[in-house]
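*Asks:* Got chain A sorted already, so can you dock chain B onto it with the hints?
Chains as they are written, first to last, in our numbering: chain A, 1 to 111; chain B, 1001 to 1108.
For the record, the hints were derived by calculation from the structure and aren't laboratory data. Zero decoy hints are in this set.
What follows is a list of derived Cβ distance ranges for each label pair:
1. B:P1039 <-> A:P75: 22 to 32 angstroms
2. A:R77 <-> B:Y1069: 34 to 44 angstroms
3. A:M27 <-> B:R1058: 23 to 33 angstroms
4. B:G1057 <-> A:S104: 22 to 32 angstroms
5. A:M19 <-> B:S1092: 31 to 41 angstroms
6. A:G3 <-> B:K1054: 21 to 31 angstroms
7. A:S104 <-> B:L1103: 19 to 29 angstroms
8. B:Q1055 <-> A:A52: 30 to 40 angstroms
9. A:I54 <-> B:S1076: 41 to 51 angstroms
10. A:D38 <-> B:S1026: 15 to 25 angstroms
11. A:Q17 <-> B:Y1069: 37 to 47 angstroms
12. B:P1009 <-> A:M19: 31 to 41 angstroms
Partial selection, computed: residues in chain B whose CB lies under 7 angstroms from chain A:
13. N1031
14. G1041
15. Y1090
16. K1095
17. G1099
Note that CB positions come from ideal geometry on N, CA and C, so glycine has one too.
Okay, here's what each chain looks like letter by letter:
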Amino acid sequence: NAGVTQTPKFQVLKTGQSMTLQCAQDMNHEYMSWYRQDPGMGLRLIHYSVGAGITDQGEVPNGYNVSRSTTEDFPLRLLSAAPSQTSVYFCASSYSGGADTFGSGTRLTVV
Amino acid sequence: GIQVEQSPPDLILQEGANSTLRCNFSDSVNNLQWFHQNPWGQLINLFYIPSGTKQNGRLSATTVATERYSLLYISSSQTTDSGVYFCAVYGSNYKLTFGKGTLLTVNP
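Okay, chain A solo, but in the shape it has when bound (with noise of 0.2 angstroms):
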């Protein structure tokens, strides 16, 4: 088994463009969720989901998208990057709510 596996692991923005990170589960988990981290602030929740077709926000979605397509993966989409929005991005996925796996993280930088 795979995990949780996140693409990509690093990559660097300029500010007002847009990209994808990637998030695949070959668990059959339900709950996928997006957390940001930031020095100091522990791990905050940007947007997670249910289950395959439902989604909701989390506590600091602005500037994000996402959507649940298929049960195994949860992209997140960023618009127009900022400079705010650089920090390290990981996936979780879960049989029933919370948090069992994450995966290996996504290092962004918006100069």
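*Replies:* Same frame as chain A, now just chain B:
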């Protein structure tokens, strides 16, 4: 939303020592988790523990839901225990809220 406070923010131990990490939360929750983030950034789920006590090797956790706190015990600490320990909670809306973590350093 639910507030999660962890203490202490930093802890330095010698190998072999025991430690207790605390997590306070501001409202009733459906579940509580403890995580370990190693120095390379990987996050590992340690426990789901909405109430009661669980043990896994040298780690154990206790949650007293009625008093809104949880404790993580690490016994006979090893250098590989170093990293950040996070507590997180969620209610009926499944929104996971994290504390800011406890940075544990175990010296040989």
